[in-house]
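> Based on the hints, put chain W in the right spot on chain C.
If you want the building blocks of each chain, they are given just below.
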Amino acid sequence: MDAAFVTIAGLIVISALAAMTLRNLVHCALCLTITFAGLAALYLKLNAQFVGLAQVLVYIGAVAILIVFAILLTRSDDQAPRAAVLSPGWWLGVAIALAVFSVIAGAIGTSSASTPRATAAPGVTVREIGDKLMRDYVLPLEIVGLLLTAAMIGAVVIAMQERKKS
Amino acid sequence: MNPLHGYLLLAALLFSIGLAGALTRRNAILVLVGIELMLNAANLNFIAFWRYGAKPEALGGVMFAIFSIGIAAAEAAVGLALIIAIYRHYKTANVDEVSSMKG
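The listed protein sequences derive, respectively, from chains C and W. Numbering follows the numbering used here, with no gaps: position 32 of the first sequence is 149. Numbering follows the numbering used here, with no gaps: position 28 of the second sequence is 90.
Rather than coming from a laboratory, the hints here were simulated on the basis of the structure. The reader is advised that the hints may include incorrect statements.
[Stated by the list, open to error] List time: in silico DSSO-like cross-link candidates among lysine-lysine, alpha-carbon distance up to 27 angstroms: (1) Lys162/C to Lys249/C; (2) Lys249/C to Lys153/W; (3) Lys117/W to Lys162/C.
Bear in mind the structure is a predicted one, so any value in this text is a computation, not a measurement.
With the rest of the complex left out, here is chain C (with noise of 0.2 angstroms):
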């Protein structure tokens, strides 16, 4: 529990509150990257460079700005300046959600499973990482290759204009 810590921790949960509350949608994405980017960091302090900087390069590079792209293109201009931003039912989602958290807290504090073990940090390299995806983890990463190439065909196929018939 040191200072950078608490400073990136409270960083990421004001951005994510707002990120969910705000708004304007393109204040929601600009929040969100803030959110990311405080996690990146949380990777890297937490000695995992790899995914520290695949979470840049992914998440602030591609997920926030495919979402202001998306916000772009589906912005409709009836949209009243009062208009409801949470759907009627909404006091029922805050509560489940703060009974989920409660009940993760509550398992949190009472686990056995939350006392850290490793105490030196490890240090691991991108060759090792790379080691253990070409030998160990071969098959799951050519997996997440195919999803990711019918993921991408997909998503081409699904946003593209419809052609009327004739």
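Leaving out everything else, chain W in the frame of chain C:
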């Protein structure tokens, strides 16, 4: 309060914020953003347990986080394409106005 507790509590809080957003927002894009927040909370758990777990040299948590990031990217692409298709059909991105299956 050990460091692992801090990370786990932060992940739980992030998951709950994402869940609340996914359940309460009307705009479909913000629902997807809530799901992304939940996936990120799970990733933070993987990395925290890897760092403070029993065998960090086995790299299990890092591998899981890498694959999870890849699958989350695929999910975001398909989800946003679906939202764009729904918007083209219904002229709205609000999930509570999209209530008929065959239009």
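> Now tell me, hint by hint, if it's right for this structure.
Going through the hints against the structure:
no. : hint                 : result
1   : Lys162/C to Lys249/C : holds (22 angstroms)
2   : Lys249/C to Lys153/W : violated (47 angstroms)
3   : Lys117/W to Lys162/C : holds (18 angstroms)
Comparing the model with each earlier hint shows a violation of hint 2 alone; every other hint is respected.
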